[in-house]
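**Q** Taking the hints into account, I'd like the entire structure generated from these sequences.
Sequences listed follow chains A and B, in order.
If you count the first sequence from 1, position 95 lands on 95 in my numbering, and the numbers rise without skipping.
If you count the second sequence from 1, position 88 lands on 88 in my numbering, and the numbers rise without skipping.
Warning: the hint list may mix true and false statements.
Here are some chain A residues the structure puts well away from chain B; computed CB gaps all over 10 angstroms [said to hold, decoys possible]:
hint: 1; residue: Asn22
hint: 2; residue: Val311
hint: 3; residue: Gly323
Only some residues are given here: those of chain A computed to face chain B with a beta carbon under 8 angstroms [stated by the list, open to error]:
hint: 4; residue: Val104
hint: 5; residue: Leu270
hint: 6; residue: Met274
hint: 7; residue: Gly278
hint: 8; residue: Asp286
Below, in silico cross-link-like pairs of lysine to any residue (SDA-like), each with a Cα-Cα straight-line distance of 20 angstroms or less [stated by the list, open to error]:
hint: 9; chain 1: A; residue 1: Lys272; chain 2: B; residue 2: Asp140
hint: 10; chain 1: B; residue 1: Lys326; chain 2: A; residue 2: Gly267
hint: 11; chain 1: B; residue 1: Lys272; chain 2: A; residue 2: Tyr50
hint: 12; chain 1: A; residue 1: Lys272; chain 2: B; residue 2: Tyr285
hint: 13; chain 1: B; residue 1: Lys272; chain 2: A; residue 2: Ile280
hint: 14; chain 1: A; residue 1: Lys272; chain 2: B; residue 2: Glu57
hint: 15; chain 1: B; residue 1: Lys328; chain 2: B; residue 2: Asp182
hint: 16; chain 1: B; residue 1: Lys272; chain 2: A; residue 2: Asn56
hint: 17; chain 1: A; residue 1: Lys272; chain 2: B; residue 2: Phe265
hint: 18; chain 1: A; residue 1: Lys272; chain 2: B; residue 2: Ile280
hint: 19; chain 1: A; residue 1: Lys272; chain 2: A; residue 2: Leu234
hint: 20; chain 1: A; residue 1: Lys272; chain 2: B; residue 2: His284
hint: 21; chain 1: A; residue 1: Lys272; chain 2: B; residue 2: Asn56
hint: 22; chain 1: A; residue 1: Lys326; chain 2: A; residue 2: Asp182
hint: 23; chain 1: B; residue 1: Lys272; chain 2: A; residue 2: Phe265
hint: 24; chain 1: B; residue 1: Lys272; chain 2: A; residue 2: Tyr285
hint: 25; chain 1: A; residue 1: Lys272; chain 2: B; residue 2: Lys272
hint: 26; chain 1: A; residue 1: Lys272; chain 2: B; residue 2: Arg54
hint: 27; chain 1: A; residue 1: Lys145; chain 2: B; residue 2: Asp283
hint: 28; chain 1: B; residue 1: Lys6; chain 2: B; residue 2: Gly95
hint: 29; chain 1: B; residue 1: Lys81; chain 2: B; residue 2: Lys112
hint: 30; chain 1: B; residue 1: Lys272; chain 2: A; residue 2: Ser64
hint: 31; chain 1: A; residue 1: Lys112; chain 2: A; residue 2: Tyr285
hint: 32; chain 1: A; residue 1: Lys81; chain 2: A; residue 2: Gly34
hint: 33; chain 1: A; residue 1: Lys272; chain 2: B; residue 2: Ser282
hint: 34; chain 1: B; residue 1: Lys272; chain 2: A; residue 2: Gly53
hint: 35; chain 1: A; residue 1: Lys272; chain 2: B; residue 2: Asp283
hint: 36; chain 1: B; residue 1: Lys272; chain 2: A; residue 2: Ser282
hint: 37; chain 1: B; residue 1: Lys145; chain 2: A; residue 2: Asp283
hint: 38; chain 1: B; residue 1: Lys41; chain 2: B; residue 2: Glu339
hint: 39; chain 1: A; residue 1: Lys170; chain 2: A; residue 2: Gly215
hint: 40; chain 1: A; residue 1: Lys98; chain 2: A; residue 2: Thr28
In case anyone wonders, no lab produced these hints; they're calculated from the structure.
All C-beta atoms, glycine included, are put in the ideal place defined by N, C-alpha and C.
2 protein chains.
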Amino acid sequence: MTEMNKQWLLKSRPTGEPTSDNFELVETPIPVPGEGEFVMKTIYMSLDPYMRGRMNESKSYSASAEIGEPMLGSGVAVVTKSNNAAFKEGDYVMGMTKWQAYSVSDGAGIMKLDPKAAPISTAVGVLGMPGLTAYVGLLDFGQPKEGETVVVAAASGAVGSVVGQVAKIKGARAIGIAGSADKCAYVEKELGFDICLNYKEPDFIEKLQAACPDGIDVYYENVGGDVFDAVLPLLNDFARIPLCGRIANYNMVGNPEGPNMLPAFFGDMLIKRMTLKGFIISDHYDRLPEFLREMGSWIGSGQIKYKEDIVQGIENAPEAFMGLLKGKNFGKLLVQVSEDPTRG
Amino acid sequence: MTEMNKQWLLKSRPTGEPTSDNFELVETPIPVPGEGEFVMKTIYMSLDPYMRGRMNESKSYSASAEIGEPMLGSGVAVVTKSNNAAFKEGDYVMGMTKWQAYSVSDGAGIMKLDPKAAPISTAVGVLGMPGLTAYVGLLDFGQPKEGETVVVAAASGAVGSVVGQVAKIKGARAIGIAGSADKCAYVEKELGFDICLNYKEPDFIEKLQAACPDGIDVYYENVGGDVFDAVLPLLNDFARIPLCGRIANYNMVGNPEGPNMLPAFFGDMLIKRMTLKGFIISDHYDRLPEFLREMGSWIGSGQIKYKEDIVQGIENAPEAFMGLLKGKNFGKLLVQVSEDPTRG
Chain A
1 MTEMNKQWLL
11 KSRPTGEPTS
21 DNFELVETPI
31 PVPGEGEFVM
41 KTIYMSLDPY
51 MRGRMNESKS
61 YSASAEIGEP
71 MLGSGVAVVT
81 KSNNAAFKEG
91 DYVMGMTKWQ
101 AYSVSDGAGI
111 MKLDPKAAPI
121 STAVGVLGMP
131 GLTAYVGLLD
141 FGQPKEGETV
151 VVAAASGAVG
161 SVVGQVAKIK
171 GARAIGIAGS
181 ADKCAYVEKE
191 LGFDICLNYK
201 EPDFIEKLQA
211 ACPDGIDVYY
221 ENVGGDVFDA
231 VLPLLNDFAR
241 IPLCGRIANY
251 NMVGNPEGPN
261 MLPAFFGDML
271 IKRMTLKGFI
281 ISDHYDRLPE
291 FLREMGSWIG
301 SGQIKYKEDI
311 VQGIENAPEA
321 FMGLLKGKNF
331 GKLLVQVSED
341 PTRG
Chain B
1 MTEMNKQWLL
11 KSRPTGEPTS
21 DNFELVETPI
31 PVPGEGEFVM
41 KTIYMSLDPY
51 MRGRMNESKS
61 YSASAEIGEP
71 MLGSGVAVVT
81 KSNNAAFKEG
91 DYVMGMTKWQ
101 AYSVSDGAGI
111 MKLDPKAAPI
121 STAVGVLGMP
131 GLTAYVGLLD
141 FGQPKEGETV
151 VVAAASGAVG
161 SVVGQVAKIK
171 GARAIGIAGS
181 ADKCAYVEKE
191 LGFDICLNYK
201 EPDFIEKLQA
211 ACPDGIDVYY
221 ENVGGDVFDA
231 VLPLLNDFAR
241 IPLCGRIANY
251 NMVGNPEGPN
261 MLPAFFGDML
271 IKRMTLKGFI
281 ISDHYDRLPE
291 FLREMGSWIG
301 SGQIKYKEDI
311 VQGIENAPEA
321 FMGLLKGKNF
331 GKLLVQVSED
341 PTRG
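**A** If you want it as structure tokens, here you go:
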């Protein structure tokens, strides 16, 4: 029996939260490389909140997936066949492998990995876009000073966990916010944040106040929604708000309900002389070399820890992704599509 | 008959828009200078939107006026009696003279003026805090590049008029927004903005779109309210929003009504990678020397023009101030409290 490719296609565009009806699994022949091309066998598929935006037809900051085409996304793969001298059979690579077991490429946007330097899975996590997003957002836009207080939500996730740990390295206090007692325990005990609070607890707002007796100097905004409402009154003069993503609002349809906070927010922005800075990591790839050097050394020295949440089997990708948008993952979410020969 | 001091006291704190009941005019003896002190006779009293905030008890970015005490504010004055070697009788000065005909000072925060260098009234206008607010907000935080589009509201006012003219000097397009056809004509013909639009016209939003075919790169936010709603959809990727004051919301009481724009605004901030920067000019006095040098030369060369709206008589200060909050002034609003001996 011939081995087939497995692909998750975008079947229909979701309204609000995605459901399993929006995805379709198909089997197709494994692609054959043309001249200068090579075939990649996916090992790890990365699942990230931004992918929800790519399911929309409406303008997002990244290209939309087309109906009937594979879901977009990056992953870690091994080259299995090659007509390209730069990518040899057995090479490990990272790039836009999409939601599929096999993909073909001419090498554009594909990065080779050294499995001896770091586990290959980290290329889509702590040493990949999530790590870079945390690094650039915190250091370039958050600019925490020694003794300042940094707050980040989704603190056990791929981005938040790095934000807090880098804040600690820079001498700031790190306050995390997460969605369960288990996650909070991990963030405090393993990652070394000063405090981590469960936003689902009824006295969350009071606990956040108590955790920030000197107010908040940097709020790394990566969730939106209710957490921001709790943070806003605690922000200090000259606070910085790097804004990199808003999981809580990705599923938003039409005009959300709730109090009109914009005028009050602008008033606070002025009175407290705050800076709100939206950014998208693809504008900041020039920071990649320094990031890889510095983050690599922090991981090597144990100053930065990371956790992976690996779901087995490409069949389970949509369910894992829908869980991600609800905060069900615990650590950087990956789907293992094929065996990782580098892992002992 | 002995000449008396006239003082406008804060009688009560306004709820929403101030009314004449909030102010009380009293006559008191002219103060006598103690050791190291001097008496200043107010010539021009400056009226500025920020003063509305100082009437509140609630936290604003500047000290509140106390009930029964003179309204706070700066002005231009002449020294009439002095026990301070640094300030001689006949010296012209600028400083916190409050809403009164005479004040006493030990010199703290008082700046001497050279009436030969520029008309003394400009020390609270184009060469004073409003001019510096425009200069720092536009150049340091707006950072307009040649060919970019800069939009500013209250374009005939003390701040907005300078913002647009400096934008033009830097090679950007300047689009003004104002509240009457007269003001718009002045902004286009006298100040040299590319276009000025009357926000009270029913097709204002369409006209703003037409005036900004390449979108908006810098929105200098100094009014808030409906104007911002019209600007937001036109903002370009990497747009900068210096936020220096919000006349439209100074009178706001409690929770304003209207659509909940905060989540949508955050979405735009992220997708367009915009920067919103609240600032208060007193944090940026280090820019004063360069500002005075550069702005002085622009005024001297005729590249920057300014207009003053001078109300005669301290008795008319509250009415003029209430009109200012409604946009009734046309140019930098001053109250002439006594004769200006330097004006021909």
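**Q** Now tell me, hint by hint, if it's right for this structure.
**A** Results of checking the hints against the structure:
Every C-beta of chain B lies more than 10 angstroms from that of Asn22/A, the closest at about 21 angstroms, which supports listing it as non-interface. Here Val311/A stays apart from chain B, with its beta-carbon at least about 27 angstroms from theirs, past the 10 angstroms limit. For Gly323/A, the condition that its CB be more than 10 angstroms from all CB atoms of chain B holds, with the nearest at approximately 23 angstroms. Given hint, Val104/A at the interface with chain B, is violated; its Cβ is 31 angstroms from that chain's nearest Cβ, farther than 8 angstroms.
Hint status for Leu270/A relative to chain B: holds, with the closest Cβ pair at about 4 angstroms, below 8 angstroms. Because the smallest distance between the Cβ of Met274/A and any Cβ of chain B comes to about 5 angstroms, under 8 angstroms, the interface hint for this residue holds. About 4 angstroms separates the beta-carbon of Gly278/A from the nearest beta-carbon of chain B, less than 8 angstroms, and the hint is met. For the restraint placing Asp286/A at the interface with chain B, the shortest Cβ-Cβ distance is roughly 15 angstroms, beyond the 8 angstroms limit, so the hint is violated.
A distance of roughly 18 angstroms separates the Cα atoms of Lys272/A and Asp140/B; the hinted pair therefore holds under the 20 angstroms criterion. Between the alpha carbons of Lys326/B and Gly267/A the distance comes to roughly 19 angstroms, so the proposed pair stays at or under 20 angstroms and holds. Distance check on the hinted pair: Lys272/B and Tyr50/A sit about 15 angstroms apart at the alpha-carbon level, within 20 angstroms; holds. Simply put, Lys272/A and Tyr285/B have alpha-carbon atoms about 17 angstroms apart, close enough for the 20 angstroms limit, and the pair holds.
Among the hinted pairs, Lys272/B with Ile280/A is consistent with the structure: their alpha-carbon atoms are about 9 angstroms apart, no more than 20 angstroms. A hinted pair counts as satisfied when its Cα atoms are at most 20 angstroms apart, and Lys272/A with Glu57/B qualifies at roughly 17 angstroms. Between Lys328/B and Asp182/B the alpha-carbon distance is near 12 angstroms, which keeps this suggested pair within the 20 angstroms criterion. Among the hinted pairs, Lys272/B with Asn56/A is consistent with the structure: their alpha-carbon atoms are about 17 angstroms apart, no more than 20 angstroms.
Proximity of Lys272/A to Phe265/B is assessed by CA-CA distance (about 19 angstroms); at most 20 angstroms being required, the pair is judged to hold. Note on Lys272/A and Ile280/B: the hinted pairing holds, with a Cα-Cα distance of about 9 angstroms set against a maximum of 20 angstroms. This hinted pair checks out: Lys272/A and Leu234/A have alpha carbons roughly 11 angstroms apart, not beyond 20 angstroms. Pair hint Lys272/A plus His284/B holds up; C-alpha atoms about 14 angstroms apart against a cutoff of 20 angstroms.
Distance hint between Lys272/A and Asn56/B is fulfilled; the C-alpha atoms sit about 17 angstroms from each other, no more than 20 angstroms. In summary, the hint linking Lys326/A to Asp182/A is supported, as the alpha carbons are separated by about 16 angstroms, within the 20 angstroms threshold. At roughly 19 angstroms between alpha-carbon atoms, Lys272/B and Phe265/A fall within 20 angstroms of each other, so this suggested pair holds. Distance hint between Lys272/B and Tyr285/A is fulfilled; the C-alpha atoms sit about 17 angstroms from each other, no more than 20 angstroms.
Distance check on the hinted pair: Lys272/A and Lys272/B sit about 24 angstroms apart at the alpha-carbon level, beyond 20 angstroms; violated. Simply put, Lys272/A and Arg54/B have alpha-carbon atoms about 16 angstroms apart, close enough for the 20 angstroms limit, and the pair holds. For the hint pairing Lys145/A with Asp283/B, the CA-to-CA distance comes to about 19 angstroms; that is within 20 angstroms, so the pair holds. Taking the CA atoms of Lys6/B and Gly95/B, the gap is about 18 angstroms. The hint holds against a cut of 20 angstroms.
Restraint check: the Cα-Cα separation between Lys81/B and Lys112/B comes to about 15 angstroms, which is no more than 20 angstroms; the hinted pair holds. Annotation: proposed proximity of Lys272/B to Ser64/A holds, straight-line Cα distance about 16 angstroms (limit 20 angstroms). Distance check on the hinted pair: Lys112/A and Tyr285/A sit about 16 angstroms apart at the alpha-carbon level, within 20 angstroms; holds. This hinted pair checks out: Lys81/A and Gly34/A have alpha carbons roughly 10 angstroms apart, not beyond 20 angstroms.
A C-alpha spacing of about 13 angstroms is found between Lys272/A and Ser282/B, which places the hinted pair at or below 20 angstroms, so the restraint holds. Proximity of Lys272/B to Gly53/A is assessed by CA-CA distance (about 14 angstroms); at most 20 angstroms being required, the pair is judged to hold. The straight-line distance between the Cα atoms of Lys272/A and Asp283/B is roughly 11 angstroms, inside the 20 angstroms bound, and the hint therefore holds. Between Lys272/B and Ser282/A the alpha-carbon distance is near 13 angstroms, which keeps this suggested pair within the 20 angstroms criterion.
With a CA separation close to 19 angstroms, the supplied pair Lys145/B and Asp283/A stays within the 20 angstroms bound. A distance of roughly 10 angstroms separates the Cα atoms of Lys41/B and Glu339/B; the hinted pair therefore holds under the 20 angstroms criterion. Restraint check for Lys170/A and Gly215/A: satisfied, since their Cα atoms lie roughly 18 angstroms apart, inside the 20 angstroms limit. Restraint check for Lys98/A and Thr28/A: satisfied, since their Cα atoms lie roughly 14 angstroms apart, inside the 20 angstroms limit.
Of the numbered hints stated above, those contradicted by the structure are hints 4, 8 and 25, listed in ascending order.
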